[in-house]
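Trainee: Residues per chain, in single letters:
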Amino acid sequence: MRTGPGPVRETLAALPLVDHHCHGVTTDDLDRTAFESLLTEGEVRPGGDLSAFDTPVGAAVRRHCAPLLDLERHAPAEEYLARRSALGAHEVNRRFLAAAGTGVFCVDTGFAPPRTTSPADLARLAQLPAGPTVVAHEVVRLEVVAEAVAARGVEPEEYADAFRAAALDAVRRPGVVAVKSVAAYRTGFDLDPARPTDTEVTRAAHAWLSHGGRLEHPVLVRQLLWTAVELGLPLQLHAGFGDSDLRLHRADPALLTDWLRLTSGTVPVMLLHCWPYQRQASYLSAVFEQVYLDVGLALHHVGPARARAVLAEALEITPFRKLLYSSDAYGVAEFYGLGALAFRRGLGDLLQDLVDADELGLPDALRLARWAGADNARRIYRLTGGH
Amino acid sequence: MRTGPGPVRETLAALPLVDHHCHGVTTDDLDRTAFESLLTEGEVRPGGDLSAFDTPVGAAVRRHCAPLLDLERHAPAEEYLARRSALGAHEVNRRFLAAAGTGVFCVDTGFAPPRTTSPADLARLAQLPAGPTVVAHEVVRLEVVAEAVAARGVEPEEYADAFRAAALDAVRRPGVVAVKSVAAYRTGFDLDPARPTDTEVTRAAHAWLSHGGRLEHPVLVRQLLWTAVELGLPLQLHAGFGDSDLRLHRADPALLTDWLRLTSGTVPVMLLHCWPYQRQASYLSAVFEQVYLDVGLALHHVGPARARAVLAEALEITPFRKLLYSSDAYGVAEFYGLGALAFRRGLGDLLQDLVDADELGLPDALRLARWAGADNARRIYRLTGGH
Amino acid sequence: MRTGPGPVRETLAALPLVDHHCHGVTTDDLDRTAFESLLTEGEVRPGGDLSAFDTPVGAAVRRHCAPLLDLERHAPAEEYLARRSALGAHEVNRRFLAAAGTGVFCVDTGFAPPRTTSPADLARLAQLPAGPTVVAHEVVRLEVVAEAVAARGVEPEEYADAFRAAALDAVRRPGVVAVKSVAAYRTGFDLDPARPTDTEVTRAAHAWLSHGGRLEHPVLVRQLLWTAVELGLPLQLHAGFGDSDLRLHRADPALLTDWLRLTSGTVPVMLLHCWPYQRQASYLSAVFEQVYLDVGLALHHVGPARARAVLAEALEITPFRKLLYSSDAYGVAEFYGLGALAFRRGLGDLLQDLVDADELGLPDALRLARWAGADNARRIYRLTGGH
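Protein chains in written order, with numbering that gives the first Met the number 0: chain A, 0 to 386; chain B, 0 to 386; chain C, 0 to 386.
Calculated from the structure, these hints are not laboratory results. A couple of the hints might just be wrong.
[Stated by the list, open to error] Across the chosen pairs, the derived CB separations fall in these ranges:
(1) Asp30/C / Arg366/A: 52 to 60 angstroms
(2) Gly264/C / His89/B: 50 to 58 angstroms
(3) Arg72/C / Thr32/B: 40 to 48 angstroms
(4) Asp30/B / Thr383/C: 54 to 62 angstroms
(5) Pro112/B / Gly264/C: 47 to 55 angstroms
(6) Glu78/C / Arg381/A: 50 to 58 angstroms
(7) Thr196/B / Glu154/C: 47 to 55 angstroms
(8) Glu156/C / Glu42/B: 49 to 57 angstroms
(9) Asp244/A / Ala150/B: 39 to 47 angstroms
[Unchecked claim] Covered stretches of chain B (chain C as the covering partner; in silico rule of three or more C-beta atoms under 8 angstroms from a C-beta of chain C):
(10) 31–44
(11) 49–57
(12) 304–311
Predicted model, so just to flag it, every value in this text is computed and none were measured. C-beta atoms are modelled at their ideal positions from N, C-alpha and C, and glycine is treated no differently.
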């Protein structure tokens with residue numbers, strides 16, 4: 000997975016990345032349906048005639064991932080799947096994780112079906128025999144904590160304290176560096192920004208606990224976000240692009256403005272993905288000191304050839320301390336490699352061209368590349384270790 | 000109307016297109032005011048000092064259409080109009096329709112002032128003497144059907160059945176391949192997604208039928224969309240860009256998410272135009288199996304020189320089976336030719352560059368070009384005939 | 000501050016601009032905190048470790064402004080600030096204002112802390128010894144007029160008339176060419192478009208006058224917009240990008256559609272800034288005769304290297320009579336120069352490439368350049384004088 004010439008491109012190509020938001024990879028051998036299901040954010044109907052390979056990300060896999068499985072570029076889907084099966088999940092995972100060149104992973108452990116790697120397993124897969132140490136940290140998904148509290152059984156009037164205590168326990172585990180919320184999925188960001196009162200929370204908890212299911216009561220989602228602020232760790236927020244469970248327009252991060260104003264001066268807020276609202280996220284990162292962003296997930300879905308255009312919009316007015324790298328890879332190992340490649344190439348091409356046009360000084364471009372690829376995340380999450 | 004070199008560009012330049020959404024062309028000779036009124040989605044005030052030629056689409060007409068009228072490129076507006084008058088409407092229409100190179104038209108017949116071509120007339124205009132057969136199918140605009148039912152007189156409690164029966168009659172006519180709704184204009188997409196109850200429909204019909212006018216009661220617009228689902232044909236939905244009768248932000252197709260979720264597994268939903276929400280449409284096409292999109296209308300309004308940028312966003316995460324071509328041409332024959340040119344050139348440049356950069360295999364690029372230009376539409380509308 | 004070769008670029012480089020919306024420049028010598036606070040739309044915390052130089056606009060200042068202070072391109076921030084201090088505010092202001100090459104300024108005087116230039120002072124700073132006359136006109140910010148009326152003391156039932164009278168007085172002052180509203184900041188554009196009744200206004204005035212503070216009562220903001228229509232002058236409306244006091248999504252100008260429809264045929268409406276909703280603004284300018292737009296503020300914040308991409312979207316379907324230039328410069332003199340450079344270069348590159356590709360005729364490109372850079376503003380504001 001190579002990129003073009005020029006010192007900025009070369010620096011980015013060699014830079015050990017901090018992937019500040021990803022998930023585990025499956026250890027299963029995958030048949031066509033299983034692989035295609037992981038390749039797309041949409042549904043795959045077995046027996047349907049739409050192939051998830053016939054997409055920008057599918058074409059990118061055939062172009063950039065096939066050579067890592069010893070195949071020709073643009074190998075047909077059938078060949079790709081056959082070779083993948085022949086090598087076996089472990090070898091495939093090892094190759095792509097190694098190719099990613101990631102030094103530190105921050106792993107959201109809140110969505111992990113059986114036979115998904117733990118953070119430690121993920122780091123092991125990425126570890127080269129004689130290479131520098133690869134490290135994996137953990138990100139606690141707060142909806143999972145809240146739903147576990149509900150599943151254990153709790154009185155409505157005790158729910159708020161029980162959730163807070165459980166969240167505190169969760170973040171005190173070794174290796175936890177951040178919390179995450181999928182409020183964008185559950186209610187969207189167009190919610191009342193104010194901290195709910197105890198009475199409101201108790202009433203909402205009563206409604207939720209008597210019916211069960213996912214945490215999606217607007218009052219409890221707000222309470223979750225306000226509890227996140229108390230935990231003191233950086234808060235990762237899904238924004239924009241995701242699967243069909245989302246209402247995209249309600250995941251526009253600009254809708255969070257009032258809440259960001261109320262929580263200014265507290266915890267860093269990390270806007271994840273953001274596409275197609277990367278300009279809105281750029282704005283928020285420019286005017287709110289605590290806001291950061293990435294365009295993870297989008298980068299491999301649009302593919303390395305288009306990543307530059309998305310990054311150019313994401314950086315339009317973004318302070319250089321505010322852009323981070325994430326793959327948001329989940330399930331298939333290809334995405335760790337493809338996400339890293341798309342980021343390195345997209346940002347490398349963008350910055351190198353600015354340097355070549357004398358619009359940006361080379362030392363500034365190299366600094367921005369290192370900040371976005373690794374140092375911004377190290378600084379915000381206070382990471383130690385990794386390379 | 001030529002495009003650059005390279006096999007993808009050449010394939011697209013020669014491909015007989017399926018224009019899955021257009022209107023009829025006027026058979027009138029047009030004076031300056033009439034021509035300019037059709038050139039713009041805005042208003043033209045006779046005697047005003049803004050010329051509809053002083054726009055991106057006006058410049059594109061002078062650049063790309065003038066030579067087909069035997070004029071120099073960039074001919075002044077006055078010369079263009081004079082030459083157009085000298086040739087007469089029939090000859091002008093014949094030239095541009097032939098130049099479009101469209102093999103199949105799907106014609107929305109729901110907006111057709113006097114002296115507008117029927118689908119059959121449109122096909123005849125596009126037919127070359129010794130060329131392969133050009134075919135035109137029909138798209139039924141459901142609001143027109145509903146308003147005809149109201150105009151004939153119907154009791155409120157019988158409205159739902161009468162509309163359903165009339166719609167069924169309309170779609171059973173030979174040559175009908177799809178239905179269309181302009182719900183985006185009437186209420187916008189931010190409507191209650193649930194199917195309205197009979198009681199709700201009767202009450203709403205009572206309100207509407209007693210006052211008359213356009214169908215824009217939110218309950219009846221919802222009922223129209225749900226009736227469309229029962230008809231079983233692909234449903235074309237205006238989305239995004241249109242004239243000043245629109246509230247653009249309420250035509251963002253992401254607002255349809257809940258309705259798409261409820262109607263999943265039923266009829267194909269064809270999002271028309273979409274600009275400037277092409278990324279939102281791209282997302283919907285990626286996560287909902289039944290969603291397709293085009294960027295018709297926008298392509299000739301932004302012009303061939305900018306079509307590539309719009310298509311690049313429209314294709315960002317769009318499955319290759321999901322993009323279609325439409326001109327959305329209406330009134331002036333120029334738009335059939337210009338829409339086709341903008342699509343061929345925009346997509347050709349985009350894909351050829353990907354092939355040249357070895358980001359996409361040539362066979363894949365050619366397949367995607369044929370799918371988007373013709374085969375996706377043939378497949379969804381089960382078209383036969385044409386070339 | 001130079002641009003590339005080609006007649007369009009050269010014409011734009013030499014064109015005396017009409018900056019139809021800017022503010023005054025500070026006459027203070029600025030220390031690092033003060034300078035950085037003016038460099039960003041966000042907050043700068045003294046002692047914080049985020050530098051406003053580490054942004055696209057900061058990099059653009061170091062690249063394009065440093066040479067005007069006799070420094071190397073990309074000079075470090077410390078050097079830049081030291082040199083700025085050594086030269087003194089007056090000399091710095093003079094250099095950048097002269098470099099802007101602006102012939103006419105329209106100055107919003109409604110936001111002017113102490114030691115900010117008046118319009119006349121601004122024109123004097125931009126005046127070259129033997130150069131043609133530089134002129135500055137005034138734009139009256141209506142919220143300031145309304146708040147002054149409230150501060151003077153007025154009965155609720157007299158508020159509407161008192162505001163109207165004060166606004167009429169203000170616009171009758173010599174040199175006033177337009178009014179402006181920051182309704183986007185106060186309520187957003189998602190407001191009831193109808194003119195409020197006298198009773199509604201009185202009730203709202205009662206609520207506001209008894210509590211004081213900024214004018215942000217939705218009824219009074221509407222009344223302000225409707226009063227603006229009566230004044231007969233072009234109405235400038237902040238749209239899109241601004242500081243953290245904004246809710247960006249509520250400053251989408253598409254939200255104004257119903258109000259634009261109701262006020263069609265009255266005063267010109269000038270949409271300022273617009274980013275990231277430049278396509279929405281482009282749509283409005285294409286379908287409403289009275290709507291105009293610029294992408295001021297955004298141009299220097301994204302920097303000259305990215306201005307072209309933003310302008311390309313802003314011009315996607317915009318009639319050539321509808322695009323204007325503004326710097327929206329405020330506080331630091333750099334922004335007058337940088338805004339002008341970004342506009343000249345962004346538009347010059349865009350149009351020159353269209354000419355080079357024979358997509359636009361050279362005379363048309365030159366005309367569009369002159370219209371956008373100066374003539375459209377001269378025409379709408381009926382400007383006389385300047386060069």
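Trainee: Are the hints correct? Go through all of them and say.
Mentor: Each hint tested on the structure:
For Asp30/C and Arg366/A, the Cβ-Cβ distance of about 24 angstroms falls outside the hinted range of 52 to 60 angstroms, so the restraint is violated. The given range of 50 to 58 angstroms is broken by Gly264/C and His89/B, whose C-beta atoms sit roughly 37 angstroms from each other. Taking 40 to 48 angstroms as the suggested C-beta distance range, the pair Arg72/C and Thr32/B does not conform, at roughly 53 angstroms. Checked against the given bound of 54 to 62 angstroms, the beta carbons of Asp30/B and Thr383/C, roughly 36 angstroms apart, lie outside it.
A beta carbon spacing of about 24 angstroms between Pro112/B and Gly264/C contradicts the range 47 to 55 angstroms that was offered as a hint. Between Glu78/C and Arg381/A the beta carbon distance is about 32 angstroms. The supplied range of 50 to 58 angstroms is therefore violated. Between Thr196/B and Glu154/C the beta carbon distance is about 51 angstroms. The supplied range of 47 to 55 angstroms therefore holds. Remark: the range hint 49 to 57 angstroms for Glu156/C to Glu42/B is contradicted by a beta-carbon distance near 39 angstroms.
The hinted window of 39 to 47 angstroms between Asp244/A and Ala150/B holds, with their beta carbons roughly 43 angstroms apart. For a cut-off of 8 angstroms, the count of residues in the stretch 31–44 of chain B with a CB near a CB of chain C stands at 5, and the three-residue condition holds. Evaluation of the coverage hint for the stretch 49–57 of chain B: fulfilled, as 6 residues show C-beta separations to chain C shorter than 8 angstroms, against a requirement of three. Counting residues of the stretch 304–311 of chain B whose C-beta sits closer than 8 angstroms to any C-beta of chain C gives 4, which meets the bar of three, so the coverage hint holds.
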